[in-house]
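Novice: Generate coordinates for the entire structure from the input sequences, incorporating the hints supplied.
Protein chains in written order, with this note's numbering: chain C, 1 to 88; chain F, 1001 to 1403.
Keep in mind the hints are simulated off the structure, nothing from the lab. Some hints here could point you the wrong way.
[Stated by the list, open to error] Derived lysine-lysine pairs resembling DSS-like cross-links, with alpha carbons at most 25 Å apart:
hint	chain 1	residue 1	chain 2	residue 2
1	C	Lys86	F	Lys1209
2	C	Lys86	C	Lys3
3	F	Lys1053	F	Lys1199
4	F	Lys1199	C	Lys86
5	C	Lys81	F	Lys1209
6	F	Lys1199	F	Lys1125
7	F	Lys1209	F	Lys1053
8	C	Lys3	C	Lys73
9	C	Lys81	C	Lys3
[Unchecked claim] Covered by chain C, per the in silico footprint, the following chain F stretches (three or more residues, Cβ under 8 Å):
hint	region
10	1200 to 1207
11	1292 to 1300
By construction, the Cβ of each residue, glycine as well, lies at the ideal position given by its N, Cα and C atoms.
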Amino acid sequence: MPKSVEEQVIAIIAEQALIEPGDVSMDSTLEDLGIDSLGLVEAVFAIEETFDVSVPFNANDPAESEFDITNVKSMVAAVEKLVVEKSG
Amino acid sequence: MKRVVITGQGAISALGQSAEENLTAMREGRNGIGTLEFPNADRLSITIGGQLKTYDPGARFTRQQITLYDVFTQFALIAAEEAVAQSGLVFSDELAADAGVVLGTAGGGLQTQDENYRSVYEDGKNRVHPFVVPRLMNNAAASHVSMVHGLQGPAFTVATACASSNHAMGQAFNLIRTGASKVMLAGGSESMLCFGGIKAWEGLRVMSKDGCRPFSANRNGMVQGEGAAVFVFEEYEHARTRGADILAEVVGFAMTSDASDIVMPNKQGAKRAIAGALRDAGLPGEAIGYINAHGTGTTANDRTECAAVREVFGAHADSLMISSTKSMHGHLIGGTGAVELLACIMALREGVIAPTINYESPDPECDLDVVPNTAREARVEATLSNAFAFGGLNAVLALKRFA
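Specialist: See below:
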């Protein structure tokens, strides 16, 4: 069975956080996970490559970007939306 | 210690193809940033830059020269020729042995790499032009400048990303100050405006899609430019004896390393470099009337830079002017500090402070006098030029009005 968007996003985040996907909780923030600005840029790149989407993200001011990085849950939701928009 | 003065300047950027054209544009607060035009630009998400649209290599160089010169070398040669002509120097055999060149660049012959990778990977060719290596090497510009002008003393290239030019000019300053050289051509050159160059920067996601707005609350990233500036640094007695027109005196230089993060700026490193340049110059903070900011237009740089300036200057931070000319010519990366030194010399010599254009709304974290949008007349005795590079490498130069 193909992996869900959620599973894949979590795997990408886990890789940046150097932890097991099972240890990533949906409420975790990037700070909780120890992911810095470079790690975030790498994660965004991995998301774009995995799903063939373009993530609206500006590293200058991540909080102001359209891509909601509040926590893992918000990022998964944002990627799911991008994937739907792409197939739609 | 010898005194060091500047006796010639030359420049080429999106603002113009001579130092005077660049200065005129800075006085007028003109925007040199526009739509990028080169092969595959349609595949970029960043489509703006300070590109030299009317530059014609064929009008400046022979076909044989172009075969050997990457664009970054062409820019350096054009700027150097103008600077040497203004200085009136003739490099006799004796002087040539005591004269050199030190230039900054980050990408070197990136256009040459881009074209030739395209040729072997995309076009599937198995043979490249014989001069690919001498074109792309980072020291090509410095070497060709030394050959054209017969400079036989110290000649080398400095690569410290966005601080390359300032580091280069700092080396030139110290070589003359310590008596190791009498004349140094110093500055920097960059030409990264090609598909591979911009695509690489896109990856970092710090580029603006719509404009360079340093210090403005609505800034959203940097915009790249291209070009070069070269100055004639000369030992003061040598310049005085031959009756040279002295544009400004170089009085201080300091460099520091943040030793912290490969891309995020650090207030302490910036602060130590600014304070170090003042100390090296023997100037009190109150002497500085104008600072040419690094002012990239990224959230992090501008905020950090303003905080560092406040900490070094205290109450005087509210009296001095600080502007980012990157708003007009874009970020020339390894060449940027050189083009920006023009604004420092203009402030000292002409009493005209180049503005920060595209300034739209105040940011409480950048609450200094950024000379918004229009140039200003002001008498200035001493200036600083800041450069804070990726990799945490900082270099600040101090210049004084020559009187």
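Novice: If you count the residues of the region 1292 to 1300 of chain F with a beta-carbon closer than 8 Å to a beta-carbon of chain C, do you get 3 or more?
Specialist: Answer holds; 3 residues pass the 8 Å Cβ test.
Novice: Given the proposed pairing of Lys1209 of chain F with Lys1053 of chain F, does the C-alpha separation stay at or below 25 Å?
Specialist: holds, 19 Å
Novice: For the pair supplied as a hint, Lys81 of chain C and Lys1209 of chain F, confirm whether the alpha-carbon distance does not exceed 25 Å.
Specialist: holds, 23 Å
Novice: Closer than 8 Å, Cβ to Cβ, for at least three residues: run that test on the region 1200 to 1207 of chain F against chain C and report holds or violated.
Specialist: Result for this restraint: holds, n = 4.
Novice: Within a Cα-Cα threshold of 25 Å, do Lys3 of chain C and Lys73 of chain C meet the stated pairing?
Specialist: holds, 17 Å
Novice: Take a quick look at whether Lys1199 of chain F and Lys86 of chain C sit within 25 Å of each other, Cα to Cα.
Specialist: holds, 23 Å
Novice: Lys86 of chain C and Lys1209 of chain F: Cα distance at most 25 Å?
Specialist: holds, 22 Å
Novice: Lys86 of chain C and Lys3 of chain C: Cα distance at most 25 Å?
Specialist: Between Lys86 of chain C and Lys3 of chain C the Cα gap is close to 18 Å, so the pair holds against 25 Å.
Novice: For the pair supplied as a hint, Lys1199 of chain F and Lys1125 of chain F, is the alpha-carbon distance within the 25 Å limit?
Specialist: holds, 23 Å
Novice: Hinted pair, alpha-carbon criterion (25 Å max): Lys1053 of chain F, Lys1199 of chain F. Please report holds or violated.
Specialist: Given pair Lys1053 of chain F, Lys1199 of chain F holds - Cα atoms ~20 Å apart, limit 25 Å.
Novice: Sort out whether Lys3 of chain C lies within 25 Å of Lys81 of chain C, counting only the CA atoms.
Specialist: holds, 16 Å
Of the numbered hints listed earlier, not one is contradicted by the structure.
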